[in-house]
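Asks: Heads up: the sequence lines are chains A and B, in that order.
Taking the numbering used here, the leading residue of the first sequence gets 75, the next gets one more, and so forth.
Taking the numbering used here, the leading residue of the second sequence gets 53, the next gets one more, and so forth.
Be aware that one or more of the hints could be misleading.
[What the hints assert, rightly or not] Taking beta-carbon pairs under 7 Å as the criterion, some of the chain B residues facing chain A (in silico):
{"#": "1", "residue": "Met103"}
{"#": "2", "residue": "Leu105"}
{"#": "3", "residue": "Pro125"}
{"#": "4", "residue": "Asp126"}
{"#": "5", "residue": "Ala129"}
{"#": "6", "residue": "His130"}
{"#": "7", "residue": "Asp139"}
{"#": "8", "residue": "Ser145"}
{"#": "9", "residue": "Leu146"}
{"#": "10", "residue": "Leu154"}
{"#": "11", "residue": "Pro155"}
{"#": "12", "residue": "Pro156"}
{"#": "13", "residue": "Val158"}
{"#": "14", "residue": "Tyr169"}
{"#": "15", "residue": "Tyr282"}
Please keep in mind that the hints were generated in silico from the structure rather than gathered at the bench.
From the three backbone atoms N, C-alpha and C, an ideal C-beta is built for every residue, glycine too.
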Amino acid sequence: MMDLIGIPPQALFGQLLLGLINGAFYALLSLGLAVIFGMLGVINFAHGALYMVGAFVALLLSQQLGLGYWPALILAPLAVAGIGVALERTMLKRIAKMDPLYGLLLTFGVALVIEGLFRHWYGVSGQPYPVPALLQGGTNLGFMYLPTYRAWVVVISLIVCLGTWYAIERTKLGSYLRAATEKPQLAQAFGINVPRLVTVTFAGAVALAGFAGVLAAPMYQVNPLMGSNLIIVVFAVVVIGGMGSILGAVLTGFGLGLVEGLTKVFYPEAANIVIFVIMALVLLVKPAGLFGRTA
Amino acid sequence: MHEMLRVHDLHGYYGESHVLHGVEFTVDHGEVVTLIGRNGVGKTSTLKAIMGLLDRQEGSIRVQGAELIGRRPDRIAHQGIGYVPDDRGIFASLSVEENLLLPPEVKPGGLTTEEVYALFPRLRERRGSQGTKLSGGEQQMLAIARILRTGARLLLLDEPTEGLAPVIVQQIGQIIAGLKAKGFTILLVEQNFHFAATLADRHYVMEDGRVVDMIPNDQLEAQADTLARYLGV
Chain A
75 MMDLIGIPPQ ALFGQLLLGL INGAFYALLS LGLAVIFGML GVINFAHGAL
125 YMVGAFVALL LSQQLGLGYW PALILAPLAV AGIGVALERT MLKRIAKMDP
175 LYGLLLTFGV ALVIEGLFRH WYGVSGQPYP VPALLQGGTN LGFMYLPTYR
225 AWVVVISLIV CLGTWYAIER TKLGSYLRAA TEKPQLAQAF GINVPRLVTV
275 TFAGAVALAG FAGVLAAPMY QVNPLMGSNL IIVVFAVVVI GGMGSILGAV
325 LTGFGLGLVE GLTKVFYPEA ANIVIFVIMA LVLLVKPAGL FGRTA
Chain B
53 MHEMLRVHDL HGYYGESHVL HGVEFTVDHG EVVTLIGRNG VGKTSTLKAI
103 MGLLDRQEGS IRVQGAELIG RRPDRIAHQG IGYVPDDRGI FASLSVEENL
153 LLPPEVKPGG LTTEEVYALF PRLRERRGSQ GTKLSGGEQQ MLAIARILRT
203 GARLLLLDEP TEGLAPVIVQ QIGQIIAGLK AKGFTILLVE QNFHFAATLA
253 DRHYVMEDGR VVDMIPNDQL EAQADTLARY LGV
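Model the full assembly from the supplied sequences, consistent with the hints where possible.
Replies: Next up, the structure:
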């Protein structure tokens, strides 16, 4: 096959696929961060650690109980949601009316504690997690080789992102969530149990991080630091997309993954910083983010 | 007549600021009662205190005998109370219909969505629009309409005519009169005294965070001078 503008198509499409996969993780994580910030006013620094916990729960389910990937895809997010409920009920609730800085510091501390525990128990070397039998192998598309598992990650992430968008923008529970995000006192004065809604929202958003962790386990090594490597980029994605819009978070996540992939093809030296350069530019031109609403 | 609402020695605080100093009044079933007084005397704060929305409220607020002090706002609503806040409280992130359907049922026997739309046909036409894209009058109607679905029988209305054109004020007046005829109990905060006089059974006058006088509607003319002094008009 012909080279496209001097780039072998294998390399180009390979990097685009990698970009889409990174984008899928950016989208799943920034979506949860945006929802949490909207409802609780907390910048959840523990999000990356909870993503890591999701991957570890999958690993432990497999090692200790012999439960495979598919049960883990349900059970690990539930376990992370449980941790989320405990975090919100015992800690975040107490700082609800305080400066957002307290939430940032608290969740940063929580992230360090969680990562520290897992480093203590499992060390820093990664542990492999097998690709489920159903998703092994791949397809030769002619212009590139498409591993089945990677295609699955992109597709299921898109479905989960759109499902989350639908749940928030088109359902009754979602209208409660939007109302409680906008005017919590008034929503509560209408008889909506806002404190419980806040707990459920936080649990749901961190469950998305846990879900992303399980998706990541077969592709990357399961490692206590896998979350902190990712979360910095995800925060940049959230800043670029803006906090205001669910669909914005999803589009920005996938879009920036692709941009990063393309940069790897055309100018590999810049691949690690391109997102931060875009973040700086967006902050200069549109400080509320591409899809953000100025408060 | 039975007492619907009894407020006794109500004190309210925003942070350290003490805004209600022992408010006392009662509202009977089916009555329309106003809280009147100058700006900043505590009328809006009294409604907020009933809903549990101040930073702190002390004393006693009983609705059909049940004490509200110490309860969370969502539990208070479930005592059968509907609240229309002074800024109308329309949610920008919800459509007109979502705004209308937002408040959960607090007591059985509320109007059906169809009945609400029959009362407010304009809201049906605009049901898909963003809530805050409505005109001021339409937003006020939406704010009232959405608490009629919930089965609440005690309605707290905070300045429903504020900033509206006279023709709209007239419409709101007809709506409130219609609600009274249906047996709703209404506590109304109102600056527009002429408007209040056409609807209310009694008026409580507030000054400096207290109720200082009560004037039955049929004695308004006789006490016009007293009232003018209270209101500073």
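Asks: State for each hint whether it applies.
Replies: Tested hints:
no.	hint	verdict
1	Met103	holds (5 Å)
2	Leu105	holds (6 Å)
3	Pro125	holds (4 Å)
4	Asp126	holds (5 Å)
5	Ala129	holds (3 Å)
6	His130	holds (5 Å)
7	Asp139	violated (9 Å)
8	Ser145	holds (4 Å)
9	Leu146	holds (6 Å)
10	Leu154	holds (6 Å)
11	Pro155	holds (4 Å)
12	Pro156	holds (5 Å)
13	Val158	holds (5 Å)
14	Tyr169	violated (18 Å)
15	Tyr282	violated (29 Å)
This entry does not satisfy hints 7, 14 and 15, going by the numbered hints stated previously.
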